[in-house]
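Visitor: Chain by chain, the residues run as shown.
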Amino acid sequence: MRILAVAHNTFREAIRDKILYVLLFFAAVAIFGSKLLGWISIGQDIKIIKDISLAAVSVFGVLIAIFVGTSLIYKEVDKRTIYTIICRPMHRFEFILGKYLGLAYVLALVTVVMAITAMAYVTILGGSIDRTFLMAVVLIYFELLLVTALAVLLSTLTSPILGAIIVFSLYVTGHATGIFVDLPAHFDDTFAKHMLEIVYYVLPNLSNFNIRAEAANELPVTGGYFLWAVFYGVFYTGMLLVVASLTFEDKDV
Amino acid sequence: MGAEVIVTKDLTKIYSGHLGSGAVRSLDSLNLVIRENEVFGFLGRNGAGKTTTIKILCSLLRPTDGWATVYGENVRSRNARRFIGFLPENPYFYEYLTPKETLDFYGRLNGLDAAARAREWDSLGELLDLHRIANQRVRGFSKGMRQRLGFAVALVGDPEVLILDEPMSGLDPLGRRNIRELILWMRDAGKTIFFSSHVLGDVEQICDRVGILVNGKLTTQGRIDELLTQHVRQVEVILAGLSEADAKAIANGADHKRVSEAGRHFVVEDPQKADALVRAAQGRGAQLVEFTPIRESLEDYFMREQGDDS
Numbered sequence: 000m001r002i003l004a005v006a007h008n009t010f011r012e013a014i015r016d017k018i019l020y021v022l023l024f025f026a027a028v029a030i031f032g033s034k035l036l037g038w039i040s041i042g043q044d045i046k047i048i049k050d051i052s053l054a055a056v057s058v059f060g061v062l063i064a065i066f067v068g069t070s071l072i073y074k075e076v077d078k079r080t081i082y083t084i085i086c087r088p089m090h091r092f093e094f095i096l097g098k099y100l101g102l103a104y105v106l107a108l109v110t111v112v113m114a115i116t117a118m119a120y121v122t123i124l125g126g127s128i129d130r131t132f133l134m135a136v137v138l139i140y141f142e143l144l145l146v147t148a149l150a151v152l153l154s155t156l157t158s159p160i161l162g163a164i165i166v167f168s169l170y171v172t173g174h175a176t177g178i179f180v181d182l183p184a185h186f187d188d189t190f191a192k193h194m195l196e197i198v199y200y201v202l203p204n205l206s207n208f209n210i211r212a213e214a215a216n217e218l219p220v221t222g223g224y225f226l227w228a229v230f231y232g233v234f235y236t237g238m239l240l241v242v243a244s245l246t247f248e249d250k251d252v
Numbered sequence: 000m001g002a003e004v005i006v007t008k009d010l011t012k013i014y015s016g017h018l019g020s021g022a023v024r025s026l027d028s029l030n031l032v033i034r035e036n037e038v039f040g041f042l043g044r045n046g047a048g049k050t051t052t053i054k055i056l057c058s059l060l061r062p063t064d065g066w067a068t069v070y071g072e073n074v075r076s077r078n079a080r081r082f083i084g085f086l087p088e089n090p091y092f093y094e095y096l097t098p099k100e101t102l103d104f105y106g107r108l109n110g111l112d113a114a115a116r117a118r119e120w121d122s123l124g125e126l127l128d129l130h131r132i133a134n135q136r137v138r139g140f141s142k143g144m145r146q147r148l149g150f151a152v153a154l155v156g157d158p159e160v161l162i163l164d165e166p167m168s169g170l171d172p173l174g175r176r177n178i179r180e181l182i183l184w185m186r187d188a189g190k191t192i193f194f195s196s197h198v199l200g201d202v203e204q205i206c207d208r209v210g211i212l213v214n215g216k217l218t219t220q221g222r223i224d225e226l227l228t229q230h231v232r233q234v235e236v237i238l239a240g241l242s243e244a245d246a247k248a249i250a251n252g253a254d255h256k257r258v259s260e261a262g263r264h265f266v267v268e269d270p271q272k273a274d275a276l277v278r279a280a281q282g283r284g285a286q287l288v289e290f291t292p293i294r295e296s297l298e299d300y301f302m303r304e305q306g307d308d309s
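These protein sequence lines map, in sequence, to chains P and A.
No gaps in the numbering here: position 230 of the first sequence is 229 in numbering that gives the first Met the number 0, and each next residue is one more.
No gaps in the numbering here: position 124 of the second sequence is 123 in numbering that gives the first Met the number 0, and each next residue is one more.
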């Protein structure tokens with residue numbers, strides 16, 4: 000109940016935040032503007048619109064997760080609203096989880112709104128929505144959950160600006176973790192290779208959630224892969240939230 | 000003597016500087032016992048360690064050393080926090096909520112069901128005059144309104160102990176009087192109240208006991224009447240039926256201030272000398288009309304405790 004009270008309040012705060020609507024506006028512009036690129040790619044317009052729409056859902060979702068998530072806890076401490084909350088008979092991790100779930104609600108709402116807009120637009124333009132497109136939207140949401148958990152962890156540690164820079168860097172790196180293991184042969188058995196392998200396994204591999212190309216080209220994705228990606232997201236997100244809770248447990252506020 | 004409610008033992012807080020440099024000892028081996036249904040005033044200059052102590056009691060800070068308990072439960076435990084209602088200095092609440100939504104939120108955090116939360120709103124809203132601003136957002140609230148809301152939030156869940164950090168700070172005289180009355184009302188309701196303040200006149204009026212913190216160390220704690228009785232600054236003596244010549248003869252260093260209808264007024268620095276003055280006057284046929292020890296005010300005492308630092 001306490002977690003839900005904090006979550007409900009966080010949701011209420013976020014949906015009253017103007018930045019959410021600004022980002023949603025730009026997401027809509029990107030989705031509807033995808034038609035422009037569709038025109039210059041003859042016969043590929045639906046494919047391009049699907050690809051750009053899914054990219055817009057992902058990018059704008061990530062921007063919301065980063066901008067709101069990295070200030071989520073920091074702002075409570077900075078504005079001292081936290082004083083009257085964590086002195087209540089509640090665990091600190093309940094506060095962290097509540098804040099996280101509140102933002103997860105918001106992102107679910109935003110993802111659904113953006114996805115419905117994209118699907119309606121694709122349908123109006125004569126395209127069809129298949130199972131892979133829906134799977135891609137769900138995996139984008141799980142990616143957003145992971146990025147949000149990372150942002151919340153950073154929010155317990157540092158300022159929103161530094162946190163946003165770090166999360167954004169990890170987001171970019173997380174989409175290209177393959178470079179840490181696809182090294183030329185002369186790196187074999189070197190210290191650098193072993194270190195980069197550790198980095199590869201520690202950093203979130205966000206490309207696991209990226210099936211946008213398959214969705215745009217209407218290629219099938221197996222249920223097994225989908226479930227594995229969901230499990231990866233849930234596991235990684237859970238670990239990040241545990242670390243965030245432990246970090247916050249003994250923090251002086 | 001009531002049961003021990005808040006106990007601190009060698010409570011110490013050291014804030015470490017960046018990269019381990021410039022550590023500041025904000026609180027140094029604080030030992031305190033606050034008893035049931037007591038109003039305890041915690042005094043000290045800015046930076047003396049009052050807010051640090053309060054934050055440790057409310058589990059916002061971890062002590063570097065020592066411990067603190069509330070009703071025998073370590074303040075780090077969730078159980079201890081069941082007993083505590085906390086009003087921070089300049090309380091901050093979510094600006095986008097109304098007082099009713101705010102109390103509902105804190106009621107949920109205290110685990111109250113919907114009916115209990117509605118009852119809390121009815122009673123606390125009435126007590127703190129929040130009903131008429133029930134639907135205004137906190138964003139536009141004055142200092143006094145925020146303080147009233149802060150008290151209501153602190154009282155959600157009917158805690159036994161109230162910890163108030165500078166509850167009178169920044170309020171006008173009327174606002175301060177309202178807070179004083181509220182604190183006395185809470186004491187009459189059986190609560191134990193621990194509060195810090197700079198407003199010594201208010202502390203003197205409502206506290207049973209005080210503690211004075213100087214640079215993180217508790218230099219004094221005790222009942223105000225006991226602390227101040229030990230420090231009689233002067234005695235005013237009024238003697239009737241004493242001639243001017245006799246007055247000069249027996250003065251022995253006493254300051255003969257003036258003559259009124261009641262008699263001759265003397266101010267004596269030393270109470271023993273005042274006794275001697277009275278005996279001498281009575282030996283010359285005068286009558287003692289008034290013998291008034293002039294005690295230190297809490298402010299005098301506080302300033303003296305600050306020593307050279309003040």
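Incorrect hints may appear among the rest.
Pairs of lysine to aspartate or glutamate, EDC-like flavour, derived with a Cα cap of 16 Å [stated by the list, open to error]:
no.: 1; chain 1: P; residue 1: 74; chain 2: P; residue 2: 12
no.: 2; chain 1: A; residue 1: 99; chain 2: A; residue 2: 88
no.: 3; chain 1: P; residue 1: 46; chain 2: P; residue 2: 217
no.: 4; chain 1: A; residue 1: 142; chain 2: A; residue 2: 112
no.: 5; chain 1: P; residue 1: 192; chain 2: P; residue 2: 181
no.: 6; chain 1: P; residue 1: 78; chain 2: A; residue 2: 88
no.: 7; chain 1: P; residue 1: 78; chain 2: A; residue 2: 94
no.: 8; chain 1: A; residue 1: 142; chain 2: A; residue 2: 94
no.: 9; chain 1: P; residue 1: 17; chain 2: A; residue 2: 88
no.: 10; chain 1: P; residue 1: 74; chain 2: P; residue 2: 16
no.: 11; chain 1: A; residue 1: 216; chain 2: A; residue 2: 304
no.: 12; chain 1: P; residue 1: 74; chain 2: A; residue 2: 112
Incomplete in silico selection of chain A near chain P, CB under 10 Å [unchecked claim]:
no.: 13; residue: 66
no.: 14; residue: 78
no.: 15; residue: 82
no.: 16; residue: 96
no.: 17; residue: 100
no.: 18; residue: 142
no.: 19; residue: 144
no.: 20; residue: 153
no.: 21; residue: 159
Restraint-style ranges between C-beta atoms, simulated for each label pair [said to hold, decoys possible]:
no.: 22; chain 1: A; residue 1: 168; chain 2: P; residue 2: 178; range: 53 to 63 Å
no.: 23; chain 1: P; residue 1: 249; chain 2: A; residue 2: 16; range: 54 to 64 Å
no.: 24; chain 1: P; residue 1: 226; chain 2: A; residue 2: 8; range: 37 to 47 Å
no.: 25; chain 1: P; residue 1: 248; chain 2: A; residue 2: 291; range: 22 to 32 Å
These are calculated hints, taken from the structure and not from any lab test.
We put the CB at the ideal spot given by N, CA and C, even for glycine.
Visitor: Against this structure, judge whether each hint is valid.
Guide: Okay, the hints, checked on the actual structure:
no.: 1; hint: 74(P) <-> 12(P); result: holds (12 Å)
no.: 2; hint: 99(A) <-> 88(A); result: violated (21 Å)
no.: 3; hint: 46(P) <-> 217(P); result: holds (8 Å)
no.: 4; hint: 142(A) <-> 112(A); result: violated (30 Å)
no.: 5; hint: 192(P) <-> 181(P); result: holds (10 Å)
no.: 6; hint: 78(P) <-> 88(A); result: holds (12 Å)
no.: 7; hint: 78(P) <-> 94(A); result: holds (11 Å)
no.: 8; hint: 142(A) <-> 94(A); result: holds (13 Å)
no.: 9; hint: 17(P) <-> 88(A); result: violated (30 Å)
no.: 10; hint: 74(P) <-> 16(P); result: holds (14 Å)
no.: 11; hint: 216(A) <-> 304(A); result: holds (11 Å)
no.: 12; hint: 74(P) <-> 112(A); result: violated (29 Å)
no.: 13; hint: 66; result: violated (15 Å)
no.: 14; hint: 78; result: holds (7 Å)
no.: 15; hint: 82; result: holds (9 Å)
no.: 16; hint: 96; result: holds (8 Å)
no.: 17; hint: 100; result: holds (9 Å)
no.: 18; hint: 142; result: violated (15 Å)
no.: 19; hint: 144; result: violated (16 Å)
no.: 20; hint: 153; result: holds (8 Å)
no.: 21; hint: 159; result: violated (13 Å)
no.: 22; hint: 168(A) <-> 178(P): 53 to 63 Å; result: holds (57 Å)
no.: 23; hint: 249(P) <-> 16(A): 54 to 64 Å; result: violated (19 Å)
no.: 24; hint: 226(P) <-> 8(A): 37 to 47 Å; result: violated (55 Å)
no.: 25; hint: 248(P) <-> 291(A): 22 to 32 Å; result: violated (58 Å)
When each numbered hint is compared with the structure, violations occur for hints 2, 4, 9, 12, 13, 18, 19, 21, 23, 24 and 25.
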